[in-house]
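Residue numbers (our numbering), protein chains in the order written: chain A, 1 to 343; chain E, 1 to 343; chain B, 1 to 343.
For the record, the hints were derived by calculation from the structure and aren't laboratory data. C-beta: ideal position from N, C-alpha, C; glycine also. Hints should not be assumed to be uniformly reliable.
Listed next, the in silico DSSO-like pairs over lysine-lysine satisfying Cα-Cα at most 30 Å (straight line) [said to hold, decoys possible]:
1. E:LYS337 with B:LYS337
2. E:LYS167 with A:LYS193
3. B:LYS311 with B:LYS297
4. A:LYS55 with B:LYS193
5. A:LYS311 with B:LYS143
6. A:LYS193 with E:LYS113
7. B:LYS189 with A:LYS62
8. B:LYS143 with A:LYS167
9. A:LYS193 with E:LYS62
10. E:LYS337 with A:LYS311
11. E:LYS193 with B:LYS55
12. E:LYS331 with A:LYS331
13. E:LYS113 with A:LYS143
14. A:LYS297 with A:LYS311
15. E:LYS311 with A:LYS311
16. E:LYS189 with B:LYS167
17. E:LYS167 with E:LYS113
18. E:LYS143 with E:LYS113
19. B:LYS337 with A:LYS337
20. A:LYS311 with E:LYS331
21. B:LYS167 with B:LYS113
22. A:LYS189 with E:LYS113
23. B:LYS143 with A:LYS331
If the Cβ cut is set under 7 Å, some of the chain B residues that face chain E in the computed set are [claimed, not checked]:
24. SER30
25. ALA83
26. MET102
27. PHE120
28. LYS287
29. LEU320
30. PRO321
31. PRO324
32. GLU325
33. PHE327
34. VAL330
Chain residues, written in single-letter form:
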Amino acid sequence: MGTRFLLSELAARIGAVLQGPDAEVSGIASIEDALPGQVTFLSNPRYVAHVRETKAAAVIAKDPVPGAECAFLLAPNPYYAFACALELFHPREMRPAGVSSMASIHPGATLGKGVSIGPFCVVEEGAVVGDRAALVANVYVGKGAAVGEDSLVYPHVTLYHGVRVGKRAILHSGCVIGGDGFGFAPSEKGYRKILQVGTVEIGDDVEIGANTTIDRAALGVTRVGRGTKLDNLIQVGHNCVIGEDTVIAAQTGISGSCRIGSRVMIGGQAGLAGHLEVGDGVMLGAKTGVASSISAKDGAAWSGVPAMPHKTWLRMAMLLPSLPELFRRVKRLEEGKTAKEEE
Amino acid sequence: MGTRFLLSELAARIGAVLQGPDAEVSGIASIEDALPGQVTFLSNPRYVAHVRETKAAAVIAKDPVPGAECAFLLAPNPYYAFACALELFHPREMRPAGVSSMASIHPGATLGKGVSIGPFCVVEEGAVVGDRAALVANVYVGKGAAVGEDSLVYPHVTLYHGVRVGKRAILHSGCVIGGDGFGFAPSEKGYRKILQVGTVEIGDDVEIGANTTIDRAALGVTRVGRGTKLDNLIQVGHNCVIGEDTVIAAQTGISGSCRIGSRVMIGGQAGLAGHLEVGDGVMLGAKTGVASSISAKDGAAWSGVPAMPHKTWLRMAMLLPSLPELFRRVKRLEEGKTAKEEE
Amino acid sequence: MGTRFLLSELAARIGAVLQGPDAEVSGIASIEDALPGQVTFLSNPRYVAHVRETKAAAVIAKDPVPGAECAFLLAPNPYYAFACALELFHPREMRPAGVSSMASIHPGATLGKGVSIGPFCVVEEGAVVGDRAALVANVYVGKGAAVGEDSLVYPHVTLYHGVRVGKRAILHSGCVIGGDGFGFAPSEKGYRKILQVGTVEIGDDVEIGANTTIDRAALGVTRVGRGTKLDNLIQVGHNCVIGEDTVIAAQTGISGSCRIGSRVMIGGQAGLAGHLEVGDGVMLGAKTGVASSISAKDGAAWSGVPAMPHKTWLRMAMLLPSLPELFRRVKRLEEGKTAKEEE
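Assemble the whole structure, with the sequences as input and the hints as a guide.
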């Protein structure tokens with residue numbers, strides 16, 4: 001945290017233009033908490049008023065705020081510039097390379113250069129841990145599973161056998177990649193398990209939240225594409241294919257064999273029935289229930305159960321509390337009264 | 001994967017009838033991915049067209065598909081026959097018997113014959129691991145807990161003290177069996193914990209998904225019956241009793257003291273209020289919210305919040321997007337206009 | 001379980017008044033399962049009939065039940081008195097103090113007096129485990145994280161670096177405290193991670209359910225206040241602040257930067273959009289979807305998606321199944337028919 005920059009230097013490194021006097025800054029904080037000598041940012045317009053009151057030395061923003069006394073670091077995408085500034089003030093602490101003597105590494109596993117493997121990790125036969133990848137502690141990497149270069153795996157993650165994770169991926173604690181998909185054949189004697197003999201492939205630069213579960217395919221591969229970000233406690237069923245740069249919020253559930261496009265955004269607690277497609281660029285609101293395929297051609301944003309265009313949903317939802325009154329109004333009409341007669 | 005069978009031999013072993021020329025087959029794949037020399041299956045009628053284009057040597061199906069060039073393995077329950085065929089091509093790899101030197105086994109624990117206990121497993125005092133059961137790695141078996149014969153427990157599973165798991169059960173990574181139920185007595189000084197002094201019993205042939213949580217009873221027993229299958233990220237509250245051969249999809253939540261019957265099917269993200277009954281054979285759609293008891297006598301399939309007969313829900317849900325229009329139509333009627341006058 | 005009390009003694013210790021003959025009792029059970037010589041309780045009026053049939057020696061209740069043959073332990077808050085009685089019959093078994101030789105404790109960590117640390121726990125540099133706190137097994141305490149005095153941490157819990165947990169807290173298996181919040185800055189090249197450099201603070205006497213996830217703040221602190229109880233599989237987003245003595249049922253999701261008051265009650269599977277406030281004392285029904293801030297001034301109880309006053313929701317929800325019929329009725333009116341003409 002002892003990192004210091006001149007605003008001019010910071011501007012150059014985050015692709016911003018300094019407006020105001022140069023000064024040394026020593027940290028980054030929210031607009032309400034920033035202290036003198038710190039930098040903050042404005043990306044949500046409703047915080048404009050705070051800019052005039054902030055103690056921060058400078059604000060990363062798209063445009064200067066009239067009446068503010070601080071300097072500005074003007075950037076076309078201030079949130080992105082803020083992300084870059086954060087990285088400068090908080091450079092990634094490299095985990096020390098080395099394998100804990102309290103880890104269990106199968107002699108038939110392959111460890112890359114500079115890996116960091118903490119205590120109580122298990123790396124099974126034929127598994128591969130890429131160069132500079134870190135398994136923090138208590139991580140399980142199954143037989144023949146692979147973790148790509150520079151990936152970071154937090155405690156209590158499970159990678160079942162054969163699962164492949166790309167480069168620079170971040171897997172948060174408790175996520176489970178490659179558990180059996182939910183498939184059972186009914187018979188008179190009860191259910192018979194359908195062996196799940198496929199696998200899971202996680203692309204480069206993917207981040208997977210805590211306690212999220214991604215099931216292995218029955219046959220074939222469950223895929224999560226490059227750059228996609230999954231929040232916590234999400235369920236991805238077997239044989240799903242998720243595109244690139246898609247973001248999915250917490251507690252969403254995706255049933256088996258869904259195809260989710262790229263640059264899709266899905267709100268929290270949404271649910272998707274099986275075997276459907278969600279096209280590139282579609283946005284699903286929180287708690288949406290998707291029962292059939294959706295393409296962005298029919299509208300980008302969807303909400304409700306079952307899913308309808310978001311604007312329709314907004315109008316509909318606003319009226320729901322008036323439904324009892326509507327029933328009464330219809331009853332009055334049936335009794336032969338019009339609104340005028342009512343008066 | 002080197003397993004090979006003659007189609008005639010495969011037919012005999014999965015209870016199917018071969019129609020078409022005999023040939024050697026070497027694997028099993030989906031209807032779209034199957035290669036020459038492989039077997040595939042047809043259980044969902046909408047894939048019929050794929051049968052005519054498949055490269056597979058044979059298709060497991062109920063009836064032959066006219067115009068298809070492949071052989072058929074005809075079975076009355078093709079999905080079940082497929083399950084059997086999968087097992088032939090992918091025989092279960094027995095985990096090598098033995099206890100890792102990196103496991104912590106209390107001297108007062110009882111280990112059956114042929115158990116397989118991987119590194120960083122903990123088996124506490126008085127716990128029992130049945131014959132041939134496998135604790136893959138990083139599994140915690142609490143004081144006096146029991147894992148039945150031939151059960152398979154994946155990494156990072158927690159069995160709290162006293163919990164009992166039946167035979168041939170499969171517990172996926174991160175599931176937690178026997179955590180405290182959610183019970184607190186309010187008082188002026190805040191909440192006081194109700195000690196949860198009951199336990200959990202999981203029947204034979206149960207499968208429990210990754211990161212699913214099943215709470216111990218406050219007093220008495222939370223039960224999951226024989227052959228029941230729970231998907232990932234499900235919550236089962238304290239004192240619930242779930243019958244046999246019931247299947248519950250991911251992210252469903254069952255509040256405390258519910259009684260769920262046998263052969264019940266529950267879709268994903270459904271929620272059940274506490275202290276209610278769901279009768280044998282009931283089907284609950286995804287995202288259903290059950291607020292009172294349901295019996296199959298009142299209809300087998302239910303959906304919606306709160307739950308209503310599924311057919312009613314379908315009609316209702318179809319109309320929701322038209323609700324704003326309905327309000328306008330009623331307003332017009334109140335203004336004294338009928339549809340005719342409108343024209 | 002060998003604990004025995006005279007009813008008169010039990011009454012004194014739980015703040016109840018004995019009505020009926022004194023006798024020795026040896027255990028506590030539910031009203032249906034209680035055996036002779038045991039105590040039970042009545043807090044839900046619908047179980048009154050059971051009191052007349054119970055075999056229990058005495059019932060903890062608010063008022064005696066006419067016609068019952070058992071003794072009564074009369075208490076103004078019988079559920080609370082039951083909680084106290086349970087503690088007497090099931091005194092907390094202290095985990096033996098000591099640090100397992102199979103734990104990994106960094107020399108720069110600080111362990112209090114009488115801590116109990118089981119096998120395969122990791123306590124990183126600068127971390128603090130308070131006096132008499134217990135880490136059962138396979139627990140990960142990150143760099144600089146702190147667990148307060150007398151807290152109990154079950155297997156497979158992860159505390160990320162810097163997270164602080166108060167005194168007498170109970171953390172159930174698989175919960176993850178301090179994982180990265182879900183923040184990414186979109187750009188033309190895909191998403192760039194917003195480093196999450198804040199932390200999490202969990203107050204005294206908090207209980208956190210199995211597999212619940214609480215994300216660290218982007219900047220600043222995610223807080224859970226004293227005495228608050230979270231059930232299983234809950235998601236708490238970054239920068240949330242939750243007050244004191246609030247209870248939240250399983251599978252609820254709270255988006256980032258929400259402020260939840262004190263003595264709030266939230267049902268299962270509820271969802272809250274980001275950056276909103278829920279005032280002190282508000283009650284949210286199961287599956288409620290909160291899209292904007294709610295204060296108890298506007299009504300204590302809310303339900304529905306989006307949230308509306310609970311009473312409104314009840315009336316609305318009751319009418320939903322009749323919506324198809326309402327559409328037909330309006331159509332008839334538009335055709336110029338009134339209810340009378342219909343007949």
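Starting from the hint list further up, note which numbers the structure goes against and sort them upward. 5, 23, 32
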